[in-house]
Amino acid sequence: MNVLALLMNILFSLLGLETWGWLPALTKLLVVIATAAMPAELRRTRREEWLAELEAEYAETRLAGFIWVIALVPVGTWEAVVARRQAFHLRSRLVVRKDRIVLGWNRVSDSPDSMCAPPIFFGIFVAVTTFGVDGNSPFSAIGAMALGTPALALVCMSVLANALRRDKAVRSLASRVGYIDGQTSKIAYTAAAKRYVAARDLRDHENGMSVHSAST
Amino acid sequence: MMSLTPRVTDKVAALLAVMLVNPTRRWYGLELARAAGVGHATVYAALGRLERAGWVEGAWETSPPEQLGRPRRRTYVLSASGARLGGASMEHQRARQSPRAQPRPRFANP
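Top line first, the protein sequences correspond to chains G and L. The numbers in numbering that gives the first Met the number 0 rise by one with no breaks, and the one at position 182 of the first sequence is 181. The numbers in numbering that gives the first Met the number 0 rise by one with no breaks, and the one at position 83 of the second sequence is 82.
Pulled out of the complex, with its shape left as it was, chain G reads as follows (with noise of 0.2 Å):
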C-alpha cells in the first residue's frame, strides 16, 4: 500500500482544490464541539462569535481558519470549566425534589446546561467517515482514524471538562449548605444537602409566619 499515495488522497479530500473539500464543515463542526461543554447561553454566544468570526475574518484562508478553531478547543475547555452556573441549577432540582433529596450525580448530565452533544456529534463523525453517506466512505481506514482519533480527543476533552465543572459545582453547592472540606464523599453532600434543605424550610416557615403575624 502507497502510504503517501493514501495520504494525498486524504489531504485532497479534505482541501479539495477548488471547493475546499470538507474544510468548512469540518471547521465548523469543530467549533460545534469546542464549545458544546458550555453552559447553555455561553455555548450560543461562544459558538455565534467564532462562527462570525470564522466567515469574516478566514472565508479566503480557510486552512488557517481550521488552524484557529483547533486552537480554540481549549480555549472553549477552559471556559467550560470555569463556567460557575450548574450550583444554581443544582439547588434549584434540590428544591423541585427536597422529598428525595438526591444531590444530581447523574441528574445533572441531563440538564439543559451540561454538555451531552459531543457523543452523539462523534458518532456522526466517525459513522460517516469511516462508511460515507451512501455506504462507500470517502477516506480509507487509516484516514478514518487519522480524522477520529482527534476527534475522540476534543471528545474526552469536552467530557472530562463538564466532569470537573460539576464537581466544581457540587463543591461550590456543599461549601455553601456547611459542607465541610475534606469530605468527599456522597454521603457527605447529601448530608449537607438535607441541612440545607432543612434551614431553607425554616426560613421559609419564619417568613411565612412573619407575613402571617403581620396581616393578622
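Since the hints were derived computationally from the structure, they do not count as laboratory data. Just so we're clear, the structure is a prediction, and the values are computed from it rather than from any experiment. Each residue gets a CB set at the ideal place from its N, CA and C atoms; glycine is no exception. Any given hint could be a false lead.
[Said to hold, decoys possible] Incomplete in silico selection of chain L near chain G, CB under 10 Å:
#1 Gly28
#2 Leu29
#3 Gly36
#4 Ala40
#5 Thr41
#6 Gly47
#7 Arg51
#8 Trp59
#9 Pro63
#10 Leu67
#11 Arg69
#12 Pro70
#13 Arg72
#14 Val76
#15 Ala87
#16 Ser88
[As the list claims (entries may be wrong)] Here are the in silico distance ranges between beta carbons for each label pair:
#17 Ala58/L x Ala197/G: 53 to 59 Å
#18 Val2/G x His91/L: 42 to 48 Å
#19 Ala58/G x Ser80/L: 35 to 41 Å
#20 Leu6/G x Gly68/L: 47 to 53 Å
#21 Cys155/G x Thr4/L: 44 to 50 Å
Following the hints, position chain L against chain G.
Okay, now just chain L, sitting in the frame of chain G:
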C-alpha cells in the same frame, strides 16, 4: 453581573493596556488580539474572565448582517468599573514590576 476581581495575567494586562488607551472604543476579539499581541484563541479566555468580572461588556453589532456583508460580530468595551479598576490594577502591576528606587538594605553577618 459578577464582582469578582479577575486575576490580571500578562495576557489580561496586555488587553487592558490596549483598551485603556481608548476606553470607549469597541473591539472585536481578533482585532483586540492583534493589537495586544496575544494569541488569537486565548484572547477569548481573557475576555471571558474580564466579562465575568464585569470589567468588560460584550454586545453584538447592531447593524444587520445584510448591510455588513458578513455575520454580526461580538464586540467588547471597557465598563466604567473596568476602566477604573483595570487602570488601578495596571498601575499596581507596573509599580511591582518597576526596579526598586532604593537599594535593598544590607545586613552584616553576625
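Results for each hint:
| no. | hint | result |
| --- | --- | --- |
| 1 | Gly28 | holds (6 Å) |
| 2 | Leu29 | holds (6 Å) |
| 3 | Gly36 | violated (16 Å) |
| 4 | Ala40 | holds (4 Å) |
| 5 | Thr41 | holds (6 Å) |
| 6 | Gly47 | holds (5 Å) |
| 7 | Arg51 | holds (8 Å) |
| 8 | Trp59 | holds (8 Å) |
| 9 | Pro63 | violated (13 Å) |
| 10 | Leu67 | holds (9 Å) |
| 11 | Arg69 | holds (4 Å) |
| 12 | Pro70 | holds (4 Å) |
| 13 | Arg72 | holds (5 Å) |
| 14 | Val76 | violated (15 Å) |
| 15 | Ala87 | violated (24 Å) |
| 16 | Ser88 | violated (19 Å) |
| 17 | Ala58/L x Ala197/G: 53 to 59 Å | violated (43 Å) |
| 18 | Val2/G x His91/L: 42 to 48 Å | violated (57 Å) |
| 19 | Ala58/G x Ser80/L: 35 to 41 Å | holds (37 Å) |
| 20 | Leu6/G x Gly68/L: 47 to 53 Å | violated (37 Å) |
| 21 | Cys155/G x Thr4/L: 44 to 50 Å | violated (33 Å) |
Figure legend: structure checked against the earlier numbered hints; hints not met, in rising order: 3, 9, 14, 15, 16, 17, 18, 20, 21.
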